[in-house]
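Novice: If you want the building blocks of each chain, they are given just below.
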Amino acid sequence: MLFENTIVTVISLSTPLIIAVIGETISEKSGVINLSAEGTIMISALSGFAFGYITDFAIIGFLAGMLTGSIIAAFISYCDIKLRMDQIAVGFVLTILCIDLSNYLGQDYVRINGPMVTKFAIPFISKIPILGNVFFNHSLITYFSILLIPISWFFLNKTNLGLSIRASGENPLAASSRGINVKKMRMFGTIIGGALLGLAGASFSLYTKYGWSESHTANYGWIILAIVIFGGWNPFRAAAGAYGFGLLQVLAIKAQTVTLALSQILPLLPFPIMIFILIFIQYINRSERNKFPKFLISILGGNQPEALGRKLPEDVK
Amino acid sequence: MNKNIQLIQINFIRLVLTLAIIFFVLTLFGTSPISIFDSIIYGSMGSYSKFIRTLIVWAPISLASVALIYTFSAGMWNIGIEGQIIMGAVGATFVARSFFGDTIISPYVQILFALGFGGFWGLICGVLKVKGNVHEIFSGLGLDFVASGIVIYLIIGPWKREGIASTSGTDVFDKASWIPTIGQNEFPLLLILIIFVIYIFSFFIFKYTSFGLRLKATGVNEDAAERFYFSSGKYILLSFFIAGAIAGLAGFSQASGAYHKLVPSISGGFGFLSILIVLICSRNIFFTLIISFLFSALIVGGSQLQIKLGLDHSLIGIIQALFVLSWLILEKLKLEKILLSKIIRSNE
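Just so you know, the sequences run in chain order A and B. Taking the numbering used here, the leading residue of the first sequence gets 447, the next gets one more, and so forth. Taking the numbering used here, the leading residue of the second sequence gets 1162, the next gets one more, and so forth.
It is possible that some hints are incorrect.
[To be verified] Computed list of lysine-lysine pairs in DSBU-like fashion (alpha-carbon distance at most 35 Å, straight line): (1) B:1495 to B:1368; (2) A:740 to B:1292; (3) A:655 to B:1292; (4) B:1498 to A:757; (5) B:1503 to A:528.
Since the hints were made in silico from the structure, they are not lab data. Note that the structure is a prediction, hence the values are computed from the model and not measured.
Construct the entire structure; sequences and hints are all you get.
Specialist: Here it is in structure tokens:
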């Protein structure tokens, strides 16, 4: 029973993380680090909650969150491609701006009640003992987050559009000479990623961390940046990382009664792990691949997009 | 000379445009920009004691900003600056809690430890970059959180206050460990001296030494640097070490000058703020000194906004970030050049 409850909590607690991690993965696959994740998630958490509160429809809140996220991403994309500014600089400034902006604009929404996302048990299959309760008795946004994992994998690996986005993130010049509109692809990947980040923000304030308060989603944006790397830019592994972090959170809450220090430090664990993964990725990329057992590579390796974080070369059309 | 005058003119027009954007946004929020800036100026420089408070905030921000010039010159994004400030504060606290704590030399030993702890934390980032090819943004971000994890552990664990373990901070340091001040209003002479020494030192490094030149060459093009027979890796490592050490001093200032103890959020977000500052100063040391002072005045003056005008202090962060964002975009749009040539033409 305890075990069962823990899984249920982890799955619903990880909902926004999954969505955000996949959004950031798509963005980074197109070659753009959306460093504004921390700010984007926070301000879309506010806009999601505020619009949900005003209209009393949670769905409007989710759409508002997505719109907020995509506007910010479009802005980054414009600065990156049209103005040829440093995407990291723009993302960083936007993070700080959005955090303070959400704290200022959100003052009227602190600790009030808005629309609530209710659980939706899928008919028939939710009646299956244990499994039904664990996997098929969640809110719609949680089902969406679970479905998003295979969908985004399929999108990035099997569709033309997804492959073009990846090509633009790996080698813009080669992609461009193959007739791919690199600028468009990069913009598209960034905006889709931003919209998902926004949706994640809204699912914090409308579902897993219901409501709004000052710096409501603090540090989640930085954590998802770490989880994307943990996931080696692969949606399935990234999702596993997000669930892993959800489990850490649950453990941290449980540990609170035992030792205060542990409960404060456990949620920081993804960061050192991120650094080790990055070192390992670079290490196996340099040495001969077959030196390592295959399962180790598939767990710890990863395909960092070659052009990640770089400006497009001048001669890309 | 003519070019310099034009540069000043362009920067001046850009400043006016940036302020216009900020005024516009503040008006959009339904606030009065004039009364906001009035209360900020009064709140940060209205009296001698307020001015001292501004100096105490200015010290860590100006130090962290000049630290970032080193890494930016080498073409590195030192997002790990927050962690370096935190570790500097840890170093200072370590000395303040040791047997040095109640002796008169404590602050000076703290300086050494802050330099060492901060430099070491910066160096990790550099080693990961040079030896491991890890993107400095990700390692920096990770090390920021690891550092704050260490602080939380120390505050709850080994350095906890007598009897209670809470996240409110360690015991207050012995008075001998506080940064020495002068006069009744506690003018922080030592801090101001440190700032000027570091700034003059950095000015000379970048202006007159081959080290400064090579650092900049590394930032422009790593491969070109190799072709001139010096290893860019060495310079990246050095830039991270120096930046970390100076940032460590900022942590020392926070722990022994501002709080007089170690608290979980010891860096106060000043590291990230310094990144904003350096972004608009384009590695100009003189500008950095001035802009960091203006931003500190904004912070100290902004703490009065709630009392005087009933406005949330987050407005200050909005003003700062908006300033930087507008500045960066205007810089790229090159509007000022067009404006300037129009003004000149109409004068002719």
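Novice: Give a verdict on every hint.
Specialist: Quick rundown of the hints versus the structure:
1. B:1495 to B:1368: holds, 27 Å
2. A:740 to B:1292: holds, 24 Å
3. A:655 to B:1292: Violated. Residue 655 (chain A) to residue 1292 (chain B) sits at ~41 Å, over the 35 Å cutoff.
4. B:1498 to A:757: holds, 24 Å
5. B:1503 to A:528: This hinted pair holds, its Cα atoms lying about 25 Å apart.
Of the hints listed earlier, the one the structure fails to meet is number 3.
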